[in-house]
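Asks: Chains as they are written, first to last, in numbering that gives the first Met the number 0: chain R, 0 to 347; chain P, 0 to 106.
One thing to keep in mind: the hints can contain errors.
[Said to hold, decoys possible] Straight-line C-alpha distance at most 30 Å; calculated BS3-like pairs for lysine-lysine: (1) P:77 - R:167; (2) R:167 - R:139; (3) R:167 - P:86; (4) P:77 - R:139; (5) P:92 - R:271; (6) R:216 - P:67; (7) P:92 - R:87; (8) P:67 - R:167; (9) P:19 - P:86; (10) R:87 - R:117; (11) P:55 - R:167; (12) P:92 - R:167; (13) P:16 - P:67; (14) P:77 - P:16; (15) P:50 - P:16; (16) P:92 - R:49.
[As the list claims (entries may be wrong)] Footprint (simulated), chain P over chain R, 3 or more residues, beta carbon under 8 Å: (17) 24-33; (18) 162-174; (19) 328-338.
Don't read these hints as lab results, they were simulated from the structure. A virtual CB, placed ideally from N, CA and C, is assigned to each residue, including glycine.
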Amino acid sequence: MFTMSWPPEISGCHVIGESTRESALRDIIIIGSGPAGYSAAIYAARAELKPLLIASSVEVGGELMNTTEVENFPGFPEGIMGPDLMAKLQAQAERFGTEVVYDDVVSLELNGPVKRVKLGNGDEHEAATVIYATGSAYRKLGLAEEEVLSGHGLSWCATCDGFFFRQKTIAVVGGGDSAMEEATFLTRFADKVYVIHRRDTLKASKIMQQRAFDNDKIEFIWNAEIAAIHGATAVTGVTLRDTVTGEERGLDLDGLFVAVGNDPRTHLVHGKLDLTPEGTIAVEGRSSRTSVPGVFAAGDVIDPYYRQAITAAGSGAAAALDAEHYLAALGNPAAAEAVLETEFAVVN
Amino acid sequence: MTARAVTEATFEQEVLKNDKAVLVDFWAEWCGPCRAVSPILDQIATEHSEKLDIVKLNVDENPGLAMKYQITAIPAFKVFQAGEVVKTVIGAKPKPALEADLAAYIS
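Let the sequences and hints guide you as you build the complete structure.
Replies: See the structure below:
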């Protein structure tokens with residue numbers, strides 16, 4: 000039996016009733032427009048929960064917008080361009096009634112039965128549940144020169160900026176899949192691409208490693224980190240420090256691309272949701288339930304290990320199902336029906 | 000209002016000889032952040048048309064100008080006054096951040 004009532008009690012000047020609930024209090028707000036956010040929206044919209052998805056103002060579609068060919072998303076045997084995949088996910092979410100807003104969240108109130116989400120344009124939205132799927136942001140090297148030289152030969156986006164390094168000598172820092180992808184992509188333009196990695200083995204998948212090893216334009220510099228970036232108005236080179244011997248040496252470069260990993264984007268929920276030692280949002284077991292009832296998290300922001308488009312998408316679907324269960328327990332009729340349908344499908 | 004396109008052929012007349020301050024948006028079709036920021040520029044163009052002219056320059060189709068102005072990352076926004084670059088902003092940003100960067104030319 001349900002002990003809580005639907006709609007949840009709202010404190011303050013709100014009138015609770017059928018008419019205002021329609022306009023003011025939503026079932027679900029989803030924050031983030033990557034594979035996790037859109038997958039959550041597809042599930043929630045198909046459950047007739049009319050989700051509102053806050054897509055951000057300039058990072059709509061998330062990290063895949065800055066990639067080229069995506070070859071490992073199931074269902075696309077020929078591969079698909081990252082931006083095309085995101086456009087398809089958005090179209091699928093909108094087809095079932097997701098409302099997409101192109102703005103940034105500036106603050107959140109997550110405690111209590113009504114969650115409030117404030118946007119850059121001043122609008123405030125309220126919902127019984129929030130799915131937080133803000134992904135991760137590029138990690139910086141932590142050097143003072145980064146601010147000044149960013150956009151002047153120092154870049155975090157090979158697909159955006161590689162074009163400007165035709166016949167140049169450049170380097171990619173990092174040893175993961177994204178570093179290999181960037182290095183391989185950059186050989187389309189540059190004459191020479193160094194890969195600078197602080198260990199002597201790569202974290203990247205075998206296929207991506209092999210592609211980089213097979214490329215004549217790519218040369219690996221092992222056990223090295225960037226001690227300094229040179230250049231007053233544009234990158235002219237770097238100082239490399241050997242991570243084993245500590246020796247330093249210079250390397251002339253026209254450009255430096257950084258692919259040293261990502262950090263979960265949690266700044267809006269610091270002090271509001273529990274985090275893990277890795278800095279991701281803590282969730283209960285294999286669920287998407289955060290430390291605050293009614294707030295769910297999905298995708299890279301909860302995942303320090305896999306961080307794939309497909310794992311984020313799966314995580315988004317799980318978050319929508321968890322939110323449905325939560326809403327159903329509050330007595331939300333659409334959610335209750337959606338939950339029954341899921342359980343019926345499992346039993347049979 | 001959609002920011003109009005300029006090319007190497009029209010750059011001198013539309014940008015360098017323009018009486019108003021002109022923001023040139025260096026962009027390309029394949030650049031996701033460029034496409035994301037484009038509607039924000041259109042809004043700023045509409046709201047501040049009396050002060051600032053906003054035009055778009057496709058770097059694929061006009062590589063000479065991209066090279067001349069040493070573009071190494073896009074989107075890049077350069078504000079021209081009396082034929083000279085007076086302000087450079089690099090990267091897609093939310094509207095309030097972009098407006099803050101351009102405050103001297105739109106307020």
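Asks: Of the hints given before, which are not true for this structure?
Replies: Numbers 17, 19 - these are the hints that the structure violates, sorted from lowest upward.
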